[in-house]
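When you get a sec, could you build the whole thing from the sequences and use the hints?
There are 2 protein chains.
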Amino acid sequence: MRKQRGLLIVLSGPSGVGKGTVRKELFSQPDTNYEYSISMTTRLPREGETDEVDYFFKSREDFEELISQGKLLEYAEYVGNYYGTPLDYVNQTRDAGRDVFLEIEVQGAEQVREKVPDGLFIFLAPPSLSELEKRLTGRGTETDAIIQSRITEARKELEMMNLYDYVVENDEVERACERINAIVIAEHCKRERVEKRYYEMLKENV
Amino acid sequence: MRKQRGLLIVLSGPSGVGKGTVRKELFSQPDTNYEYSISMTTRLPREGETDEVDYFFKSREDFEELISQGKLLEYAEYVGNYYGTPLDYVNQTRDAGRDVFLEIEVQGAEQVREKVPDGLFIFLAPPSLSELEKRLTGRGTETDAIIQSRITEARKELEMMNLYDYVVENDEVERACERINAIVIAEHCKRERVEKRYYEMLKENV
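The listed protein sequences correspond, in order, to chains B and V. When you line the first sequence up against full-length UniProt numbering, it's residues 1 to 206, in that order. When you line the second sequence up against full-length UniProt numbering, it's residues 1 to 206, in that order.
Quick caveat, the hints were computed from the structure, so don't treat them as lab data. Take the hints with a grain of salt, since some may be wrong.
Put simply, identical chains are the same to the list, so a pair is met inside one copy or across any two.
[Claimed, not checked] List time: in silico DMTMM-like cross-link candidates among lysine to aspartate or glutamate, alpha-carbon distance up to 25 angstroms: (1) 190 / 110; (2) 115 / 192; (3) 190 / 172; (4) 203 / 110; (5) 58 / 110; (6) 115 / 157; (7) 3 / 131; (8) 3 / 165; (9) 190 / 169; (10) 190 / 114; (11) 190 / 99; (12) 134 / 204; (13) 190 / 35; (14) 115 / 65; (15) 58 / 105; (16) 190 / 165; (17) 203 / 159; (18) 190 / 159; (19) 24 / 178; (20) 24 / 52; (21) 71 / 51; (22) 24 / 54; (23) 190 / 178; (24) 196 / 165; (25) 190 / 118; (26) 196 / 172.
None of the values given here were measured: they were computed from a predicted structure.
Below is the structure:
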């Protein structure tokens with residue numbers, strides 16, 4: 001029987017909502033069966049980091065070459081270095097029938113949406129706005145002005161929800177993970193994804 | 001916060017695929033949180049059966065009146081009696097925020113599809129055609145001709161898969177139930193179903 005192509009699962013959401021925590025919890029579970037998408041970067045490897053495991057390390061020249069060839073699903077520049085998601089790696093993994101998991105900022109997710117219309121876009125949402133404000137405030141010792149601008153930014157990011165297929169409330173990390181896993185199982189059962197297999201089965205057995 | 005309207009979950013599939021077994025397993029699980037849709041019938045109550053629990057018992061006249069008023073989601077006549085799904089009961093339960101679960105034949109599911117476009121249609125499929133044939137054959141002591149006509153019928157029913165949103169393979173009853181539960185969780189996370197709540201939240205907290 002034909003193997004189903006792997007999904008591209010994109011987890012995003014406003015700053016402070018807990019994307020990283022949810023992703024770490026997902027990948028710490030023994031039965032999680034997604035490939036974590038390895039990012040590409042122009043920054044130098046830190047001690048203990050391995051190429052093609054922690055990151056794909058590239059020179060600035062190579063990275064810009066890949067950008068111009070459209071070989072990055074999404075990218076951004078941050079403190080003088082590029083960070084991005086290599087398209088070939090994602091496609092090869094999906095072609096091998098493995099689901100790829102990407103955790104990115106909302107700006108990156110917008111870029112991916114344009115390039116991968118069949119991607120699975122999951123928006124991680126706070127249980128309430130006040131909860132999100134609490135999390136943004138509780139992070140450190142920033143001034144009120146910084147906190148206020150973060151909250152304004154988070155509100156804008158919340159409105160970007162309309163670009164997503166699913167919204168998962170991050171009321172508890174474990175429950176959020178359960179919902180994400182359920183979404184992936186459900187997507188694999190979508191009729192459009194499996195019917196070909198059955199129609200071939202019907203043809204074979206006349 | 002606004003409560004989400006309950007889903008209408010329709011489980012169907014070819015004869016012999018194991019719809020009843022899967023439904024019974026689902027409803028035997030302590031954390032299953034669906035309302036099982038109570039059917040309406042013109043047959044007389046058997047001993048121990050209670051009106052509005054086992055069935056809604058109706059006279060033939062009343063049933064036909066409800067048919068003409070469009071008050072049945074689907075119905076069929078079987079051995080001289082009507083059986084059907086009352087629309088009001090389904091709507092009231094959904095309005096109360098509860099998911100309604102319906103297990104019906106593919107012909108009934110077609111009728112429901114027309115009346116409830118936002119229903120969740122799950123097609124239970126055999127792992128293979130030979131497995132389905134084995135199950136149809138293994139049922140009793142029927143002649144080859146009867147078995148052959150059942151297989152032909154089941155093939156036709158398999159082709160009706162294209163009317164469904166999801167296809168769940170019934171390789172093992174427990175795994176099929178897990179997939180169905182996952183589909184329901186995922187559907188509750190669909191952006192269209194929850195975004196209103198968040199946009200209201202954003203408005204409230206300016």
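Return the numbers of the hints above that this structure violates; sort them in rising order. Those not satisfied: there are none.
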